[in-house]
Amino acid sequence: MSAPASGAAGPPPRPPTSPVARRPPAHSAGGHARAALALIALTLLVTAFVYPLFVTAVAQLIDPYAANGSLVYYPNGTVAGSALVAQNTDTPYLFWERPSLTDYNTTLGADTPPGPSDPALGALLNETIAYMEKYGTYTVNATLPFWLVAPSSSDIDPDLTPEAVLVQVMRVSENTNLTIAWLTDFVNAHITNPPVPYVGVPYVDVLQLDLDLLPHLGR
Amino acid sequence: MTFALGSLWDVIVVIALILAIAPWFGSYLGRVYMDRPLFGDTILNPIERAVYRVLGTSPRRQMRAREYMLALLLFNGAVFAFLFLYFFFQAGLPLDATGAPNMSWDLAFHSAVSFTTNTDFTHFTNESQVSMGSELIAWGLALFTSTASGLTVFVAMVRGFVRRDGTLGNFYVDFTRTMTRVLIPLATVFAIIFVLFGVPETLRNYIDVTTLNGGTQTIYLGPVASFQSISLLGSNGGGWFSANAASPLANPTAASNLFMTGVMMLIPFSTPFAFAQVIRKRQEAWPFMGTILIIFVIALGLFIAYQAATNPALVSIPNLGLSTNGYPVGEETRFSLPEASLFQVASVYGNVGANNLSIGSVSPVGQLVLLFGMFTQSTPGGVGCGFGTLLLFAVLAIFVGGLMVGRTPEYLGKKIQTVHVKWAGLALLVHPAIILIPFSVGVLIGAPGIAGGTVGASAHNFTSVLYELTSEAANNGSALSSAAFNDTTPFWNVTGALVMLAGRFVPFWAMLQVGGIFSEQEILPPGPGTLKTASWTFTIYLTMILIIISALLFLPVMALGPLAQIL
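Residue numbers (our numbering), protein chains in the order written: chain Y, 1 to 219; chain U, 220 to 786.
Only chain Y is shown next, with the shape it has when bound in the complex (with noise of 0.2 Å):
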């Protein structure tokens, strides 16, 4: 720092006061790189880090059955499967699920169905609803609710509406010793209702109400 030169006391003039003088220079192009790359390092620590290990350690502490992925065990006590995640039940005593494009393997991820215009759409339904009509007895008037036949978006929905449940109780219980009274009460137990009215729908988690009813099969 260089001293007046004339040797006069005292401090230097105060700057001007406007923001615009007092600014410091702007950044060089250097000092752009090395704050970027300070910037990444920074958020970085934060966002692989300390955001996701400390959501998971409140999550484990306050809700373990949902954050560790709502298991569903065997009466034996062996894992199931995930009560969110449809798997294959088909099986002529179980209940099934709605048909997934990927027969459940999530590895595939999911797949979307044909388009609504497009004829591979009418095909796949008739060739499901072939399929579940060899398998047995629904109804009387023959018509197989469509959300039964219809893939979901996600290929692992495990949910259906009570109808597409209820209208399976035929079948199971041609392939049980159980009755059509008794399975359609089981089914009526297990359905989900809104919380609050019409958030959501009715709806039956299929893998719960197969897992329910195995120890009734004696197995």
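Just so you know, the hints here were simulated from the structure itself, not pulled from any lab data. Ideal Cβ placement from N, Cα and C applies to all residues, glycine included. Check the hints yourself; a few may be wrong.
Covered by chain Y, according to a simulated footprint, are these stretches of chain U (three or more residues, beta-carbon under 8 Å) [said to hold, decoys possible]:
# : segment
1 : 290-304
2 : 358-368
3 : 732-738
Derived DEER-like restraints, expressed as beta-carbon distance ranges [said to hold, decoys possible]:
# : chain 1 : residue 1 : chain 2 : residue 2 : range
4 : Y       : Tyr-65    : U       : Phe-258   : 33 to 41 Å
5 : U       : Tyr-425   : Y       : Ala-120   : 27 to 35 Å
6 : Y       : Gly-31    : U       : Arg-499   : 42 to 50 Å
7 : Y       : Ala-189   : U       : Pro-537   : 28 to 36 Å
8 : U       : Ala-310   : Y       : Gly-31    : 31 to 39 Å
9 : U       : Thr-543   : Y       : Thr-179   : 25 to 33 Å
A few chain Y residues that don't get close to chain U, going by computed Cβ distances all over 10 Å [stated by the list, open to error]:
#  : residue
10 : Thr-78
11 : Gly-122
12 : Tyr-135
13 : Leu-160
14 : Thr-184
15 : Asp-185
16 : Ile-191
17 : His-216
Got chain Y; can you put chain U on it based on the hints?
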């Protein structure tokens, strides 16, 4: 009509709640970027000062448009490089329990660009092609940085209206405050609420189970809630699972679906109020809110009505029963029709790009509605850049209006000149150009991936290609995912990446330029000839300009795809 009319009420409540929160949250968002005391200063100010010191910057270093853009580009370029390298070498990096292989160069390029530009369009299957480390470390970084970058450009542009010295702010300060004051706290709170709704949050990557019929199934898990929360909050829209928000693990109940819809709408619907806060004129938010709401509500109504209609292609199937909840193909059981529709329309109109249904399965009119939202990309549009686009539309509208009545057009005391309109025109014209030119070239040369090629492709296949490019140009990220269009070839990976880059950074450059030129101008007092912008007349006028420009630019190409599907 095949859904209960009563199920509309919760959708109306969500929109009403957002409108109630938006002015309050918007003014908070605005104050984040203003130099005045704010809630949380005692804790956050020292942290922010420490960050500035590490970065070698200071809030007193103000940047002009060119320097602001340079800082933004360097930072986003570095994020891109990090992502590209991570994906390209992911098999050798940590957290690859599922054995995801290294990405090919073109896929890594497309993915890294996609996440850096807030698009989050994916050309891969998450479960088998990306490692947990790639999602958590690389992609997770971009979820935050791309959101914050959008907001910094927004606020820099808006500052141009209230400054006279040519500066727009400091990129590093704006970025840091966006992270500390908005994104990190909100994402944390929302992620914890997601867990209470049933979303997993664990470091376990997957679990193998024996299914009820004796087969095996792999259930993929991970820190889904924390990923999903910033993804939806920041209009990224990427999903931890490839089924995105349709996956029951990512979006377990109707209640979680409504909450996530609110999370997606929060920042885009609050931004007009943040703008009004920064320019200190509360009433100026309403013309933009009006325009957004008019277009959004019409779009939502059309979408719901056509999803409720019977698909004429299926009436001939004899054994198919009716649905009491809309059109089941490609939809999830647990959502009512209006809830699923609100999520989807909010996601595409807010340029989030998440999906809770299969967009390829929705009615042709529904697909047209979604496409229109990406053509305007500003009602409300993505975080920050959506409102920036709307401001450019307003600049154009005021200029055209001024010419019609023969007065010098001005907005908020700043004269609008030819140079502003040139930049606005560039930003608004680059959007159709980067959709229509690659679309025409790809279709004409018979680029690999389009089933049927140039002549044999169906209207649905044309729509798939158009949707893909539109989604990339608007930095949206939703996909029609048609089996007839394979977009994972090098041609579409590279084309798509270039479209996303142009769709992101050319408008950013134009927004900063417009803001920078405004910032150099004097602020004129309103005169008797000043166009009153906070009025219904201007709201309707802006809406019409938006609709006419978007419709005129895209009508021919819409005729090839979605319109041909409807007819």
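Hint check results:
1. 290-304: holds (count 7)
2. 358-368: holds (count 5)
3. 732-738: violated (count 0)
4. Tyr-65(Y) to Phe-258(U): 33 to 41 Å: With Cβ atoms ~35 Å apart, the hint holds.
5. Tyr-425(U) to Ala-120(Y): 27 to 35 Å: Since Tyr-425(U) and Ala-120(Y) have Cβ atoms about 32 Å apart, the given range 27 to 35 Å holds.
6. Gly-31(Y) to Arg-499(U): 42 to 50 Å: Given a distance of about 32 Å, which is not inside 42 to 50 Å, the answer is violated.
7. Ala-189(Y) to Pro-537(U): 28 to 36 Å: For Ala-189(Y) and Pro-537(U) the Cβ distance comes to about 33 Å; the hint holds.
8. Ala-310(U) to Gly-31(Y): 31 to 39 Å: Because 36 Å falls inside the window, the suggested range holds.
9. Thr-543(U) to Thr-179(Y): 25 to 33 Å: Between Thr-543(U) and Thr-179(Y), where Cβ atoms are some 28 Å apart, the hint holds.
10. Thr-78: Not fine: 7 Å to the nearest Cβ puts Thr-78(Y) too close to chain U.
11. Gly-122: violated, 6 Å
12. Tyr-135: Check passes; 13 Å lies beyond 10 Å.
13. Leu-160: Label violated. Min Cβ-Cβ 6 Å, cutoff 10 Å.
14. Thr-184: At about 18 Å from chain U, Thr-184(Y) clears the 10 Å cut-off, so the statement holds.
15. Asp-185: Asp-185(Y) is indeed farther than 10 Å from all Cβ atoms of chain U, at 21 Å.
16. Ile-191: Non-interface label on Ile-191(Y) holds, nearest chain U Cβ at 12 Å vs cutoff 10 Å.
17. His-216: holds, 14 Å
Going through the hint list in order, the structure does not satisfy hints 3, 6, 10, 11 and 13.
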